[in-house]
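Below are the chains, spelled out letter by letter.
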Amino acid sequence: MPGEFSNYWLLASKNTMTESAVIKQPNQQGNFYHALKIQLRVIGALLMREILTRYGRHNLGFLWLFLEPMIFTLGITLLWYQVRGNAANIPIISFAITGYSTVLLWRNTVNRCGNAIGPNLSLLHHRNVRVIDLFASRIILEIAGATISLVVLLMIFTALGMIPPPVDPLTMVIAWLLLAWFAMGLATVVGILCSKYELIDRIWHVLTYLIFSLSGAVFMVAWLPPQAQEAVLWIPMVHFTEMLRHGYYGNMIKTFENPQYIITINICLTLVGLIMLRNAQNTLEAP
Amino acid sequence: MITLKNVSKTYQTRQGRNRVLNNVNMTINPGEKVGILGRNGAGKSTLIRLLSGAEMPTTGSIQRSMKVSWPLALAGGFQGTLTGYDNLRFICRVYGVEYEPLVPFIQEFTELGKYLREPVKSYSSGMTSRLAFAISMAVEFDCYLIDEILAVGDSRFTARCHEELFIKRKERSFVMVSHQPGAIREHCETVYVLHNGSLKKFSDIDAAYQVYLEQQHETAATH
Chain A
823 MPGEFSNYWL
833 LASKNTMTES
843 AVIKQPNQQG
853 NFYHALKIQL
863 RVIGALLMRE
873 ILTRYGRHNL
883 GFLWLFLEPM
893 IFTLGITLLW
903 YQVRGNAANI
913 PIISFAITGY
923 STVLLWRNTV
933 NRCGNAIGPN
943 LSLLHHRNVR
953 VIDLFASRII
963 LEIAGATISL
973 VVLLMIFTAL
983 GMIPPPVDPL
993 TMVIAWLLLA
1003 WFAMGLATVV
1013 GILCSKYELI
1023 DRIWHVLTYL
1033 IFSLSGAVFM
1043 VAWLPPQAQE
1053 AVLWIPMVHF
1063 TEMLRHGYYG
1073 NMIKTFENPQ
1083 YIITINICLT
1093 LVGLIMLRNA
1103 QNTLEAP
Chain B
1293 MITLKNVSKT
1303 YQTRQGRNRV
1313 LNNVNMTINP
1323 GEKVGILGRN
1333 GAGKSTLIRL
1343 LSGAEMPTTG
1353 SIQRSMKVSW
1363 PLALAGGFQG
1373 TLTGYDNLRF
1383 ICRVYGVEYE
1393 PLVPFIQEFT
1403 ELGKYLREPV
1413 KSYSSGMTSR
1423 LAFAISMAVE
1433 FDCYLIDEIL
1443 AVGDSRFTAR
1453 CHEELFIKRK
1463 ERSFVMVSHQ
1473 PGAIREHCET
1483 VYVLHNGSLK
1493 KFSDIDAAYQ
1503 VYLEQQHETA
1513 ATH
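Line by line, the protein sequences give chains A and B. All residue numbers for the first sequence refer to our numbering, where the first residue is 823 and numbers rise by one. All residue numbers for the second sequence refer to our numbering, where the first residue is 1293 and numbers rise by one.
Worth flagging that the hints you see were computed from the coordinates, not collected in a lab. Ideal Cβ positions, reconstructed from N, Cα and C, are used throughout, including at glycine. The reader is advised that the hints may include incorrect statements.
List of simulated lysine-lysine pairs, DSBU-like, C-alpha gap at most 35 Å [unchecked claim]:
no. : chain 1 : residue 1 : chain 2 : residue 2
1   : B       : Lys1492   : A       : Lys859
2   : A       : Lys859    : B       : Lys1413
3   : A       : Lys1018   : B       : Lys1413
4   : A       : Lys1018   : B       : Lys1460
5   : B       : Lys1406   : B       : Lys1297
6   : B       : Lys1492   : B       : Lys1460
Listed next, the stretches of chain B that the computed footprint assigns to chain A, with coverage defined by at least 3 CB atoms under 8 Å from CB atoms of chain A [unchecked claim]:
no. : segment
7   : 1338–1352
8   : 1375–1389
9   : 1484–1492
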């Protein structure tokens, strides 16, 4: 629906131009530190609320935060191990863990944010609870879950001697941080679009599976013919997976990541996401 | 003090833009008791949400220099799937207030008993009102925004609200909206009538009610 899209953007820019509302609160005029304190307090409260409603207080509780992605990754790893053995001289266990974890990070974060506003609408009656806080709390939780899952899996398999330790952990950390940043931006943009347009919500879920198979989780760019390499390198997700594996395997493999490209994408997504968050806040209608 | 300067609010609807508030100006001083009369759909709740800061004005500015409550209304403020206690905990965290010391007052005032451990979505409107009112009293605000919440309570609840808000906290401000003049006549010194997006100030409730009734008849005649 391109019509609706352009309409939305027109509205967004218009609103930012004419928006002159100044909200001042006691002891808060220009006091960045005070505002930050409130924001952290609110995000903390929302994190507790998320954990409570999602995992409850029973059985394993919030351990599911990382057990769930761990089990997912383990399942995929086992499956690939059975089906493929060691493809193209790359050990399949580490290949599966490094690949599937990146997918989990961006996919889970975006999916959780598609429904960030709706169920929390009534909490927005409290002035200090803002749309950005709803997104922040969900994003933090998903990134934490995926990160713990990856670290624990790598540690377990390394301890069992089934995979060697990473060659260059720093590159892995940088790749993971860049991916987390990317997930943040993408989750904000797609999350707000999903809550505004049902159509996008539906399309996104189909798109997720498509992007998953093209995201570099199931292949290395080096395995592809040159033309296909050029094409898949337009997909940002490919770069993070390549970079993470570069860190894990070192120079044993050839990777094609381009940090400038993904940083540019990240900056654009973040800017667009922040503008959309502001617009969503200003046009918000509490029930 | 809360100051509204040239505040307008427009909602996007399927049939185009709908202007709910049109160039509204008002000031609420510390300790002032304000009543707002208006028909269903006149924009009373919108005004309350703008005062609270839950929604932003489309144009104009709002300044707040006192601690203003969230809109104490039948809907909103609570997460339905969480229990009464968990909602209390959430609100305490959001406003930076200690949770433990408030529990006895909440238990005593709401008389919800074991229902405090049940999800709020299972509460009746009277129960939700009691919880909302109790938490807002316990957190302590300088200005309370009361959106029809007193109207759903039984006489015991009304009496206790009276005691807590109008007697124990009589130096605080509040803004009360209603489509009936009863409670406003009893408690408010400044009265506004909200009609067709405009706000008119009265210092006499009877004059305000007269205008309100005339407007109602006018609208009935034109429809």
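Outcome of the hint check:
In summary, the hint linking B/Lys1492 to A/Lys859 is not supported, as the alpha carbons are separated by about 39 Å, beyond the 35 Å threshold. For the proposed pair A/Lys859 and B/Lys1413, the alpha carbon gap of about 31 Å is at most 35 Å, so the pair holds. Distance hint between A/Lys1018 and B/Lys1413 is fulfilled; the C-alpha atoms sit about 25 Å from each other, no more than 35 Å. Simply put, A/Lys1018 and B/Lys1460 have alpha-carbon atoms about 45 Å apart, too far for the 35 Å limit, and the pair is violated.
Taking the CA atoms of B/Lys1406 and B/Lys1297, the gap is near 46 Å; set against the 35 Å cutoff, the hint is violated. At most 35 Å may separate the alpha-carbon atoms for a hinted pair to count; B/Lys1492 and B/Lys1460 meet this at roughly 30 Å. A stretch counts as covered by a chain when three or more of its residues have a beta carbon under 8 Å from one of that chain; for the segment 1338–1352 of chain B and chain A the count is 10, and the coverage holds. For the segment 1375–1389 of chain B, the stated coverage by chain A holds: 8 residues have a C-beta nearer than 8 Å to a C-beta of that chain, and at least 3 were required.
For the segment 1484–1492 of chain B, the assignment as covered by chain A is violated, since 0 residues bring a beta-carbon within under 8 Å of that chain's beta-carbons and 3 are needed.
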